[in-house]
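Sequences are here, hints too, so could you generate the full structure?
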Amino acid sequence: MNSLELLLLSVLLYMGSALLSLLCSRVERTAINLCGIGGMAAGVAGLAASLPVLLSGHGMSANLGGPFAFAEFTVRLDPLAAFMVFVISLLATITSLYSLSYVREYEGRGAWAMGFFMNTFIAAMVALMVVDNAFYFLVFFEMMSLASYFLVVFDQHDEAVSAGFLYFLIAHAGSVLIMGAFFILYTCSGSMAFESFRQLHLSAPLASIVFLLAFFGFGAKAGIIPLHSWLPRAHPAAPSHGSALMSGVMVKVGVFGIIKVGIDLLGATSAWWGLVVLGFGAISAVLGVLYALAEKDAKRLLAYSSVENVGIILMGVGVGMIGIATGRPALGILGLLGALYHLINHAVFKGLLFLGAGSILFRTHTKDMEKLGGLGRLMPYTAAACLVGAMAISALPPLNGFVSEWFTYQSLFSMSLDGGFAFRLAGPVAVVMLAITGALAAMCFVKFYGLIFSGKARSEHAAHAHEAPAAMTWAMGLLALIAIALGLCAPLVAPIITRIASSLVGHGALAVAQGTVVFPGDPAQATLSTPLIAILLLAAPILAILIIGVFKGERLGRRHGGPAWACGYEQEDRMRVSADGFSKPVSHMFDALFRLRSALDPAPCLHASLQRVIAGATRVEPMWEDKVISPIVRVVQWIGTKVQWLQHGDFRIYCLYVVAALVVFLMIAVA
Amino acid sequence: MLNLQSIPLALLQALVLLALTPLMTGISRQMRAKMHSRRGPGVLQDYRDFFKLLKRQDVAPADSGLVFRAAPYVIFGTMFAVAMALPVFTHFSPLGVMADLITFTYLFGLSRFFFSLSGIDSGSSFAGLGASRESTLGVLVEPIMILSLLVVALIEGSTNLGSISASIAGGYAKSPTAIVLAMLAFGFAVFIEMGKLPFDMAEAEQELQEGPLTEYSGSSLALLKTGLGLKKVVMAQFFIGVFLPIGAATTPDTFSAVLAVIVVPLRLAVVFLLASLIENSMARGRYMLTPRVTWVGFGVAALAFVFYLAGL
Numbered sequence: 008m009n010s011l012e013l014l015l016l017s018v019l020l021y022m023g024s025a026l027l028s029l030l031c032s033r034v035e036r037t038a039i040n041l042c043g044i045g046g047m048a049a050g051v052a053g054l055a056a057s058l059p060v061l062l063s064g065h066g067m068s069a070n071l072g073g074p075f076a077f078a079e080f081t082v083r084l085d086p087l088a089a090f091m092v093f094v095i096s097l098l099a100t101i102t103s104l105y106s107l108s109y110v111r112e113y114e115g116r117g118a119w120a121m122g123f124f125m126n127t128f129i130a131a132m133v134a135l136m137v138v139d140n141a142f143y144f145l146v147f148f149e150m151m152s153l154a155s156y157f158l159v160v161f162d163q164h165d166e167a168v169s170a171g172f173l174y175f176l177i178a179h180a181g182s183v184l185i186m187g188a189f190f191i192l193y194t195c196s197g198s199m200a201f202e203s204f205r206q207l208h209l210s211a212p213l214a215s216i217v218f219l220l221a222f223f224g225f226g227a228k229a230g231i232i233p234l235h236s237w238l239p240r241a242h243p244a245a246p247s248h249g250s251a252l253m254s255g256v257m258v259k260v261g262v263f264g265i266i267k268v269g270i271d272l273l274g275a276t277s278a279w280w281g282l283v284v285l286g287f288g289a290i291s292a293v294l295g296v297l298y299a300l301a302e303k304d305a306k307r308l309l310a311y312s313s314v315e316n317v318g319i320i321l322m323g324v325g326v327g328m329i330g331i332a333t334g335r336p337a338l339g340i341l342g343l344l345g346a347l348y349h350l351i352n353h354a355v356f357k358g359l360l361f362l363g364a365g366s367i368l369f370r371t372h373t374k375d376m377e378k379l380g381g382l383g384r385l386m387p388y389t390a391a392a393c394l395v396g397a398m399a400i401s402a403l404p405p406l407n408g409f410v411s412e413w414f415t416y417q418s419l420f421s422m423s424l425d426g427g428f429a430f431r432l433a434g435p436v437a438v439v440m441l442a443i444t445g446a447l448a449a450m451c452f453v454k455f456y457g458l459i460f461s462g463k464a465r466s467e468h469a470a471h472a473h474e475a476p477a478a479m480t481w482a483m484g485l486l487a488l489i490a491i492a493l494g495l496c497a498p499l500v501a502p503i504i505t506r507i508a509s510s511l512v513g514h515g516a517l518a519v520a521q522g523t524v525v526f527p528g529d530p531a532q533a534t535l536s537t538p539l540i541a542i543l544l545l546a547a548p549i550l551a552i553l554i555i556g557v558f559k560g561e562r563l564g565r566r567h568g569g570p571a572w573a574c575g576y577e578q579e580d581r582m583r584v585s586a587d588g589f590s591k592p593v594s595h596m597f598d599a600l601f602r603l604r605s606a607l608d609p610a611p612c613l614h615a616s617l618q619r620v621i622a623g624a625t626r627v628e629p630m631w632e633d634k635v636i637s638p639i640v641r642v643v644q645w646i647g648t649k650v651q652w653l654q655h656g657d658f659r660i661y662c663l664y665v666v667a668a669l670v671v672f673l674m675i676a677v678a
Numbered sequence: 403m404l405n406l407q408s409i410p411l412a413l414l415q416a417l418v419l420l421a422l423t424p425l426m427t428g429i430s431r432q433m434r435a436k437m438h439s440r441r442g443p444g445v446l447q448d449y450r451d452f453f454k455l456l457k458r459q460d461v462a463p464a465d466s467g468l469v470f471r472a473a474p475y476v477i478f479g480t481m482f483a484v485a486m487a488l489p490v491f492t493h494f495s496p497l498g499v500m501a502d503l504i505t506f507t508y509l510f511g512l513s514r515f516f517f518s519l520s521g522i523d524s525g526s527s528f529a530g531l532g533a534s535r536e537s538t539l540g541v542l543v544e545p546i547m548i549l550s551l552l553v554v555a556l557i558e559g560s561t562n563l564g565s566i567s568a569s570i571a572g573g574y575a576k577s578p579t580a581i582v583l584a585m586l587a588f589g590f591a592v593f594i595e596m597g598k599l600p601f602d603m604a605e606a607e608q609e610l611q612e613g614p615l616t617e618y619s620g621s622s623l624a625l626l627k628t629g630l631g632l633k634k635v636v637m638a639q640f641f642i643g644v645f646l647p648i649g650a651a652t653t654p655d656t657f658s659a660v661l662a663v664i665v666v667p668l669r670l671a672v673v674f675l676l677a678s679l680i681e682n683s684m685a686r687g688r689y690m691l692t693p694r695v696t697w698v699g700f701g702v703a704a705l706a707f708v709f710y711l712a713g714l
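Chains as they are written, first to last, in our numbering: chain X, 8 to 678; chain G, 403 to 714.
These aren't lab readings, by the way, just hints derived from the structure by calculation.
No residue lacks a Cβ here, since even glycine has one placed at the ideal position from N, Cα and C.
One thing to keep in mind: the hints can contain errors.
[Said to hold, decoys possible] Some residues of chain G that are not near chain X, with every Cβ distance over 12 Å (derived):
id, residue
1, 446
2, 476
3, 575
4, 649
5, 660
6, 683
[What the hints assert, rightly or not] In the DSS-like style, the derived pairs of lysine-lysine whose C-alpha atoms are separated by at most 27 Å in a straight line are:
id, chain 1, residue 1, chain 2, residue 2
7, G, 457, X, 559
8, G, 454, X, 559
9, X, 591, X, 303
See the structure below:
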């Protein structure tokens with residue numbers, strides 16, 4: 008089978024298992040297994056479809072016609088689409104494995120419907136990546152938004168419903184902007200096909216309008232600040248494997264859209280677009296992680312951290328666009344390499360951490376980190392996987408997060424080296440913001456791991472937790488291994504991603520790896536060897552073990568027991584490290600930025616305008632009644648009261664009426 | 403690309419730095435004692451402490467976990483790895499492919515991550531407080547480090563430590579003002595990273611003492627203290643390697659080798675003496691006011707960048 012057939016198979020498997028799940032509402036266990044196994048098979052098919060394209064660098068496309076004359080159903084699996092399909096399929100395979108155990112929690116609460124929405128959601132995303140027509144693009148985009156909306160409101164409690172509503176509003180506001188962008192392109196080219204958009208040569212102002220519409224439209228989906236407020240509410244509300252897919256993959260659809268429109272369709276013709284993307288990316292990165300740090304709810308913390316990571320990805324995209332626009336293809340490739348590398352990395356470690364949070368929720372039924380603690384000993388596999396995830400997301404070498412951030416740093420460095428004054432200024436500013444982001448992320452995930460897995464349990468549930476079921480630990484373990492592999496195998500991975508980036512830039516490939524070393528195009532600028540770092544980090548502690556062993560003398564064995572030191576007092580529960588306490592110094596120091604959050608949040612604004620609409624509607628609605636119906640009613644009632652005096656209830660008067668009537672009728676008859 | 407012949411040199415220089423660590427921290431201690439008008443324990447006290455602690459039993463609280471146990475090894479290992487890749491005796495780095503400014507900054511981040519996490523993982527509230535402060539300090543220091551190093555990297559056109567070191571050794575040819583300012587800012591960051599007052603509470607009230615160290619004992623404490631000491635030495639050497647690579651060997655002859663062997667400990671001792679001199683002449687500040695002080699460092703780094711843009 009060729010790639011397109013495999014892709015079709017993948018989508019059919021998702022949809023088939025989704026539809027079959029609907030039929031299994033009586034036997035939920037079957038529905039869960041069906042969706043899980045169907046999702047895994049479909050994911051594997053998706054991986055098999057995208058891998059040949061990624062390795063060869065040659066895309067393929069097919070025109071399937073379709074029922075509508077105005078829009079042909081064209082499928083185009085270019086390297087970028089193949090990359091996205093690969094990322095989606097990878098995470099879908101693993102979350103499907105995870106769902107086999109996790110969704111049992113929802114048995115009796117509509118697990119069959121969850122399977123349906125889940126697999127529809129994934130199928131829509133896969134289809135969205137490969138269609139090459141604006142009409143079908145929007146259809147699949149809507150399908151993705153709706154399916155994920157149902158996942159958000161699945162729990163039906165108030166917070167989920169209100170978060171779902173906010174999500175629904177912002178997603179559709181974004182859709183409208185995207186439609187606007189496509190509509191302008193459509194009126195200029197006369198066709199809905201993306202291919203015709205690529206051929207267009209728009210005037211600079213018109214192209215900029217299209218780009219800005221698409222940027223904010225897709226930005227709402229990606230969760231850039233200030234369009235992010237739905238994200239930290241909607242993602243945690245969904246079931247955890249759904250959150251993993253939403254945070255790990257769906258926000259990337261927004262990034263994909265920005266790359267698609269900005270670079271693929273419009274060709275990144277103006278350099279300031281790149282600066283806009285870079286600026287929004289940098290601000291989202293710093294503020295996103297700062298707000299994540301202030302959270303107590305594990306899943307909300309992770310959702311805010313998605314805002315941060317989308318910001319980091321967009322910084323790379325911005326540099327890429329600047330490189331293309333200023334005629335520096337090497338810089339363009341480097342920026343996109345950082346962005347796309349971070350895209351897959353974030354999908355892996357954020358997926359891993361959400362699955363970890365899900366396992367904890369599964370066992371302890373709480374997401375509140377203040378009620379957790381001490382799970383490291385009770386759930387060792389989950390803890391180990393989450394530690395890898397936390398280290399990867401904090402960009403610690405030699406894991407994958409570091410490699411992609413390193414490439415982003417290098418692309419910013421190359422940008423600052425030469426070029427216009429604006430770029431030489433913007434580059435270092437962005438570097439500093441990335442550095443602050445890195446340090447805050449490390450702090451944030453020390454808190455995440457520390458509060459959940461370290462110390463003593465802070466609640467009954469946490470004290471009696473035990474390890475998650477095998478399917479869930481395997482899923483997390485796999486993701487942890489992938490996170491390690493993407494870091495250590497950087498010299499193998501980077502050239503593949505570079506090929507995708509260079510296909511976008513439309514320039515020959517850039518050399519980025521040799522042997523065990525990666526470098527940003529030019530080895531004199533910088534080099535990085537994650538395998539070497541890993542070997543050194545593993546070998547150096549051997550020296551420590553040797554020292555401790557050689558000087559053992561008559562030392563007693565290690566003792567593990569007794570309470571921690573507390574100035575000679577007994578440790579009390581309220582003395583324990585708390586979520587707020589840990590981040591207090593930072594929230595104190597960046598007080599102004601936290602106040603900015605409420606100022607920047609469009610949710611109250613939206614809420615107020617919604618209230619105005621409702622108030623308006625309630626004013627308009629009685630108009631008909633006030634002006635038409637009630638006057639008629641009043642007249643009728645008035646006549647009624649006037650007629651009433653005829654009826655006195657006196658028997659004699661009624662006789663008089665009869666006599667009078669007789670007389671009248673007799674006179675009519677005689678006359 | 404990896405030069406295998408230089409691995410013995412890498413190991414050698416890391417071992418030398420490791421062996422010098424207790425001496426350097428001892429010099430700091432003795433210096434402080436003298437400035438407090440105390441007699442002091444002598445510069446070799448930290449060697450004695452190290453061997454004494456190694457003989458003692460390792461005791462961990464019941465609530466402590468795996469990270470608490472692993473952290474001393476990770477911190478020691480990370481610092482040793484950095485020590486192998488720094489330019490110490492030479493202008494080039496023996497592990498050239500690893501000697502990248504960004505990689506180094508993030509390797510320090512790795513040790514900070516584990517140091518901080520070990521504090522929480524010990525299950526002690528005081529160590530948890532120390533963990534929070536340690537991480538916060540990272541947030542304040544890392545931007546200063548990155549920006550000041552970036553200025554130098556931009557001037558030299560490379561983020562490779564070896565290239566920068568070699569190029570700086572030839573004199574501050576391009577943008578001398580910017581380099582001097584970047585040196586000041588980076589020196590400031592190094593001063594904080596070396597765990598100096600008023601940013602760290604070493605030898606202050608017991609509950610805040612060296613934060614996450616609270617619960618360590620015996621051989622783990624020996625290892626962790628050495629790891630942290632090595633971090634100070636590595637930081638000092640990092641500073642010297644980038645900004646003041648005086649006396650390092652350029653040619654592989656005996657004279658420069660001997661010179662380098664003499665100069666390396668001397669340079670380190672000078673940096674440590676200067677740092678403790680500044681440290682002990684400063685008042686201790688409230689922790690929450692730290693950002694007011696670190697803004698100065700960041701401001702100097704930003705100024706260096708402005709001078710670089712202006713080409714001065």
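Structure-based check of each hint:
1. 446: The claim holds: residue 446 (chain G) sits with its nearest Cβ about 17 Å from chain X, beyond 12 Å.
2. 476: violated, 7 Å
3. 575: holds, 17 Å
4. 649: Residue 649 (chain G) clear of chain X: closest Cβ-Cβ about 26 Å, beyond 12 Å.
5. 660: The claim holds: residue 660 (chain G) sits with its nearest Cβ about 27 Å from chain X, beyond 12 Å.
6. 683: holds, 26 Å
7. G:457 <-> X:559: holds, 6 Å
8. G:454 <-> X:559: Given pair residue 454 (chain G), residue 559 (chain X) holds - Cα atoms ~11 Å apart, limit 27 Å.
9. X:591 <-> X:303: Given that 27 Å is the threshold and the Cα spacing comes to 12 Å, the pair holds.
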